[in-house]
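Enquirer: Chain residues, written in single-letter form:
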Amino acid sequence: MRILFHIGHYALFLRETFARPERIRIYWRRTLDEIDLLGVKSLGIVSVLSGFMGAVIALQTKSNINNPFIPDNLVGFATRQSSILEFSPTIIALILAGKVAGTIAAEIGTMRVKEQIDALDIMGVNSAGYLVLPKVVAALVIFPFLIIISMFLSVFGGYLIVAATGIISTAAYEEGIRLDFDPFTVTYALIKTEVFAFIITTVGGYHGYITRGGTREVGISSTTGVVWSIVAIIISNFVITKLML
Amino acid sequence: MIEVKGLSKRFGEAQVLTDISAVFRKGRVNQVIGKSGSGKSVLAKCIVGLHVPEEGEVLYDGRSFHKLGKDEKRAVRQEIGMLFQGGALFDSLNVMENVMFPLRMFGTTDVKGMRDRAEHCLHRVSITPDKHRLYPGEISGGMQKRVGIARAIAMQPKYLLCDEPNSGLDPQTSIVIDQLIAEITEEYSITTIVITHDMNSVMESGDSILFIHKGRKWWEGGREQLLHSDNMELNEFVFAGSLMRQVKGAMGG
Ligand SMILES: Nc1ncnc2c1ncn2[C@@H]1O[C@H](COP(=O)(O)OP(=O)(O)OP(=O)(O)O)[C@@H](O)[C@H]1O
Ligand SMILES: [Mg+2]
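Those protein sequences? They're chains A and B, same order as listed. Residue numbers are given in the working numbering: position 4 of the first sequence equals residue 4, and the series is strictly consecutive. Residue numbers are given in the working numbering: position 31 of the second sequence equals residue 276, and the series is strictly consecutive.
Hint data in this document are derived by calculation from the structure and do not stem from the laboratory. One should not assume that every hint holds.
Unchecked claim - So the derived list for chain A, only partly shown, Cβ under 10 Å to chain B, looks like this:
# : residue
1 : 110
2 : 120
3 : 125
4 : 126
5 : 182
6 : 185
7 : 186
Every residue, glycine too, gets a C-beta built ideally from N, C-alpha and C.
Please model the complete structure; the sequences and the hints are all you need to start from.
Expert: Right under this line is the structure:
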């Protein structure tokens, strides 16, 4: 029952969030700030993790092929396919859910318990729109770049580990990453990314917005925001994959 | 003028306000007093529309707020300034930006005009220019309240609501804030409602006092009548402190 209540309120919250902004210029400036905050400031962690992810895929693929009839270039091929299809869009989205949804819920939750959202409402500002819309737009704009960078770095991480350990030749790895490339896989990954960007910012924002009480409740909201973004990401990942592949 | 008619508000099972009617006049400080938990903040939030009452109406110079459409509500809200119990300044904006915020959002002048207006308001509440670039976390509680007042009056409101403007402040700073609110009210002819449980400030500036007890209007009048009322709950509230009892003793009450 509780979940139905939340779905209904989440829908109402979205309607508020996407109402027409009062002053486009103010929203625009906030969006630029958020691009910096949500996107550029996540670049470091995304890059490092992507490199390690690709290295692990390469190592595991190699250690699982004992059959001499399977060519070495499968390592490159598998690293590319898994990075583009699943690891970069989904794993990185889960990491961003932890970082970004948690931050958003805590920030907006704090504003709620300190009556700053009431102050916005009293002034006649659409508080949900003012606080959340710039974050949604910023994430929709910047997350695809993060994910594309992640794809490159993941494949590159595989290359580095291959070069360092010599489990296969780098030439075979390079051949593998060029093999049978289908651009549609990237389209699919970017569509997922946009859906995840939407989920992370709106679910995080919603849990911050409905916070009641004090600092303890802000902590709880932050955690619930992260947990529910993760749940929504994993379910929608399944739905999108079923529909598109 | 703000008029409240038959206002009732429940949260689930808890009846917080019951049938409150009152008139808050223009150009003077109307005070609402009562014990902690009596429903003063809820009343304030019903008046400004942050809570929707189950029954009754709130009239802003004849306009029944809760019956207005969305856009009309926004229009009325832009005429309301509110000072919150905790100040409610935006943490991510500095003092100057906080005061400029409503102007940026709704103002009609250019940036220069907004800046001038914000500087004027900050000057009015005695915040010196060296504080303009500081963030709310970097200034004292009393200053936060004053910046809150500056932000509340930036749009030249017709109505001003202050929820416990002097809670958590020393008596001297309290008086400064009270006087500031009184001066501004008179100067711009604002309808001001001040919620307080500070007897000092009631004795200082209470021409029109509304006493709320258990969510009901229990008594109303001026400060002279306050001291001579035979309402038991009111007396308990007013003479809880020894200072006020001495005042009463000195008057031969
Ligand atoms: N959002 C809410 N949901 C449920 N109950 C509430 C809510 N807000 C207030 N109440 C209840 O309403 C009653 C009155 O609260 P209110 O905040 O108006 O008190 P107050 O008179 O302002 O007290 P104080 O002087 O301590 O600020 C309290 O019992 C409180 O628990
Ligand atoms: Mg209160």
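Enquirer: Each hint: holds or not?
Expert: To see whether the hints hold, each was checked on the structure:
1. Because the smallest distance between the Cβ of residue 110 (chain A) and any Cβ of chain B comes to about 8 Å, under 10 Å, the interface hint for this residue holds.
2. For residue 120 (chain A), the shortest C-beta to C-beta distance to chain B is roughly 8 Å, which falls under 10 Å, so the interface hint holds.
3. About 6 Å separates the beta-carbon of residue 125 (chain A) from the nearest beta-carbon of chain B, less than 10 Å, and the hint is met.
4. Restraint check, residue 126 (chain A) versus chain B: the minimum CB separation of about 9 Å is within 10 Å; hint holds.
5. Taking 10 Å as the C-beta contact cut-off toward chain B, the hint placing residue 182 (chain A) at the interface is violated, the least distance being around 45 Å.
6. With a least beta-carbon distance of about 40 Å to chain B, the hint placing residue 185 (chain A) at the interface is violated under the 10 Å criterion.
7. A least Cβ separation of about 36 Å between residue 186 (chain A) and chain B goes past the 10 Å threshold, and the interface hint is therefore violated.
Of the hints listed earlier, those the structure fails to meet are numbers 5, 6, 7, in rising order.
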